[in-house]
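Fit chain A to the supplied structure of chain Y, relying on the hints for placement.
There are 2 protein chains.
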Amino acid sequence: MGTVYLVGAGPGAPDLLTLRAAEILKRAEVVFHDALVHPQTLELAALAEKIAVGKRSGRHSTAQKFINKRLVDAARDHEVVVRLKGGDPTIFGRAQEEIDALRGAGITFEIVPGVTAATATAAELGVSLTRRGFARHVVFVTPRTAAGERENDWAASVLAADTAVIYMGAGLAETISAELIRRGKRRDTPLALVESASLPERRVLPGTLADLPELARRAGLGPTVVLLGEVLRAVLAESTATSIKEIEAFLKHA
Amino acid sequence: MGTVYLVGAGPGAPDLLTLRAAEILKRAEVVFHDALVHPQTLELAALAEKIAVGKRSGRHSTAQKFINKRLVDAARDHEVVVRLKGGDPTIFGRAQEEIDALRGAGITFEIVPGVTAATATAAELGVSLTRRGFARHVVFVTPRTAAGERENDWAASVLAADTAVIYMGAGLAETISAELIRRGKRRDTPLALVESASLPERRVLPGTLADLPELARRAGLGPTVVLLGEVLRAVLAESTATSIKEIEAFLKHA
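Sequences listed follow chains Y and A, in order. Convert by adding 467 to the 1-based position in the first sequence; the result is the number in the numbering used here. Convert by adding 467 to the 1-based position in the second sequence; the result is the number in the numbering used here.
Honestly, the hints are just simulated from the structure, not real lab data. Because the structure is a prediction, the values reported are computed rather than measured. Certain hints may be false.
Copies of the same chain are indistinguishable here, so a pair counts whether it falls within one copy or spans any two.
As the list claims (entries may be wrong) - No more than 20 Å apart at the CA atoms, straight line, and that leaves these computed lysine to aspartate or glutamate pairs for EDC-like:
| id | residue 1 | residue 2 |
| --- | --- | --- |
| 1 | Lys652 | Asp620 |
| 2 | Lys493 | Asp482 |
| 3 | Lys517 | Asp544 |
| 4 | Lys517 | Glu490 |
One chain only, chain Y, in its complex shape (with noise of 0.2 Å):
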């Protein structure tokens, strides 16, 4: 029997790996990887059998049931079987169905963590998530739900929580910006929408909680985070700029 690792392949670029997930990769016999990661990163599992089961793959998703079962086949016939996930597996990477899975079947697993969404766009835009004497608490949060969830009260976190960083939110830009003007937030909470953080097709578009429908409507297809609040302010207020190039020069240098 061998063991499953649940690797984090971080925010998209390849460096951005850690090197214990590299090492894990070059041994890998298999690898089960979301649609997203990157191809350099595949390419280090120089030996594996790579296989798609990928979210977002353009087509249709893997159903999750199937993906565990693999997971669970797949460790009765190989030492090193690597479940790669975008970003970290622990934050909205769906981990939990498959530990339990393996839990389950007795497999021995490790989780390997990743760089998420979130610090790699705050890093981008060169500001921190949180600031002594100004933010005190991050929140990460996605505004989907599941089928038969109970109720998600996204917005009281995103209201309570000094900064906000909102994964898998552009498609609900509508609702999010509505619902958390109506229950109080200001329309002018500095914001930043950013689409395909950390790659060379990285867009960054600035506004406020009031612009976020018409910033989602200028994005494209990339996977996008929402970062919200005022440790945004001073770095967006500085810019002049007003093309998105300038704005990220701006963001990148002093």
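The following block gives chain A in isolation, referenced to the frame of chain Y:
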């Protein structure tokens, strides 16, 4: 004029560094590092002068303003200057003060994100911080306030979030437990205090919110995080272990 890289060293284990961080350390001419950064991580910076400016050095920590000035001065004399911080620079890393100083002095800088303690701890516990149909938000929070800081309602953010990870909280365990219970959080909310996550000397102290003061008394001097929320219930309840070693063995394997 050189570039200053604000680099996340990850949660503790040297192989939880990113490939990008390792590559920058190899080119570094000067490294200003926190006291808790692993010696093997520092060894990667073979060419660099290494200067501890760290918090928690046991004796004193260098004043933040002095660190800011040294970074600016170093960038005037060197091509590649690294400020190496535990975890991720944008999460409780006081990066913003250094960013502001660098921007003010016209120094080019870049932030390299890292694995933060929260997800490394979740990985070791074998538990996801979010869980489809169950936990759709996770807050990272510290109850510590700086001198002159506005009121920090850390408790409100914990109460509103499905899962909470409390950084730098062990010394305030009595306050955390009492305040959350007073404001309606269940006494039996599952909790784990984890010390020295990702290192060989790691300790996991599982319990409930009511137990937190006792768990904190049993913890040592290493850095701690407290995980709190229903996502932990299954994994802790399934354990019939009575010693920490047994709990760890249970958490690690099925």
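Hints versus structure:
Taking CA atoms no more than 20 Å apart as the test, Lys652 paired with Asp620 passes in both settings, with 15 Å inside one copy and 16 Å between copies. In this homomeric assembly, Lys493 and Asp482 come within 20 Å of each other (Cα to Cα) both inside a single copy, at 15 Å, and across copies, at 14 Å. With identical chains, the CA atoms of Lys517 and Asp544 are at most 20 Å apart within one copy only, with a shortest distance of 15 Å there and 47 Å across copies. Proximity of Lys517 and Glu490 under a CA criterion of 20 Å is satisfied intra-copy only: 16 Å inside one chain copy versus 27 Å between copies.
When held up to the earlier numbered hints, the structure conflicts with none and fits them all.
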